[in-house]
Amino acid sequence: MSSRRLTKQSLNSQAEISKSVLRDAGKPPNGQSVGSYLLEWNELQIWQQDNEYILSGYRPASNSFLKSLHSLSHVHNETINIYSHLFGSLLFATLPFILYRQIAPRYATATLADIIVFSTFFFGVAICFLLSATFHILANHSPKINALGNQLDYLGVVILMWGSTIPTVYYGFYCSSSIQKTYWSMISILATFCAIITLHPKFRNPALRPYRAVMYSCLGLSSVIFIVHGVFLFGYEVQRYRMSLDWMGVMAGLNLLGAFTYAVRIPEKWFPRRHDIVGSSHQVLHFMVIFAGLAHMAGLLRAFDHIHSEEFRCT
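Read the sequence shown against the numbering used here and you will find it ends at 355, with the numbers running on by one and no gaps.
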């Protein structure tokens, strides 16, 4: 009887210790506020682990939207990722109003179609950056919200690709409305399928990863197809201005540089801890995408100038 009582007391004691450990898990050391407490890589839960070369500066799992939002007020390894694309979203949401004031009196031949295709571009970029920033803000919330945020981040990329393509096709095939409509339909259908694949729970299955990759590749390659088609139909010199091929090359180069840096995890792979907060590959990717968006905008303005110049004629 005494032995049973001791065993029961021992089990109760172990249970209390376990509860205490669970209560204290994730709590900051004495003297540190909950908001600013940061973790090392080896202290993270598995669902929070993404880049093993970023060794410090992680936010604890918050399980609270307010706590995740509160992390905007202190520095951690997502700070630059968040603010770079919050700034980018605000920038591309504001730029149209500045440009429209210049474009409206610039050419009497400017049409509603010009406004619509430019708006589509700015909308796509601004939404992409906003969804990206939202994902990074809420990434430490919980596994479910992290996964949802990741889906929205990918959805933003789809919207960006779709919105960037619409005006390029418009100016590139300005004199061929049937080709415009064909490519717009193709791109919109591909973008819709990519959005469904991104958001539908069924397609989260790792076994379907090849199908997701094919859909994203088709959407990306559609740009190459219509550029090559335009050059084949009208020649390089004509499309150099209608599609602003020089600026499109700059845009592609910036995107590829950002993607390459992100894929190989440079520079944090070479300099452990030095770039945990500032200068990591993901941050480089964010800025390259912003610069690529500005290059694309410059290209669209050049195409607009060319199409609405006095010398332009459809042949």
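Check each hint, because a few of them may be wrong.
[Claimed, not checked] Have a look at the derived ranges for each label pair, beta carbon to beta carbon:
| hint | residue 1 | residue 2 | range |
| --- | --- | --- | --- |
| 1 | K309 | S216 | 46 to 52 Å |
| 2 | C354 | V115 | 50 to 56 Å |
| 3 | R305 | H348 | 42 to 48 Å |
| 4 | H348 | K309 | 44 to 50 Å |
| 5 | N82 | I138 | 43 to 49 Å |
| 6 | F300 | I86 | 24 to 30 Å |
| 7 | D345 | P312 | 32 to 38 Å |
| 8 | V115 | Y276 | 22 to 28 Å |
No lab work stands behind these hints, which were simulated from the structure alone. All C-beta atoms in this analysis are idealised placements derived from N, C-alpha and C, irrespective of residue type, glycine included.
A range of 43 to 49 Å was offered for this pair. Does it hold for the Cβ distance of N82 and I138? With Cβ atoms ~47 Å apart, the hint holds.
May I ask you to test the hint 42 to 48 Å on the CB atoms belonging to R305 and H348? Cβ of R305 to Cβ of H348: about 45 Å, so the range 42 to 48 Å holds.
Verify the CB-CB distance for F300 and I86 against the hinted window 24 to 30 Å. 27 Å, holds
Taking 22 to 28 Å as the stated bounds, is the beta-carbon spacing between V115 and Y276 within them? With a Cβ separation near 48 Å, V115 and Y276 fall outside 22 to 28 Å, so the hint is violated.
Is it true that the C-beta distance of K309 to S216 lies inside 46 to 52 Å, as the hint says? 47 Å, holds
Return holds or violated for the Cβ distance of D345 and P312 against the range 32 to 38 Å. 48 Å, violated
With 50 to 56 Å as the target window, see if C354 and V115 comply at their CB atoms. 55 Å, holds
Is the gap between the beta carbons of H348 and K309 within 44 to 50 Å? 48 Å, holds
Going through the hint list in order, the structure does not satisfy hints 7, 8.
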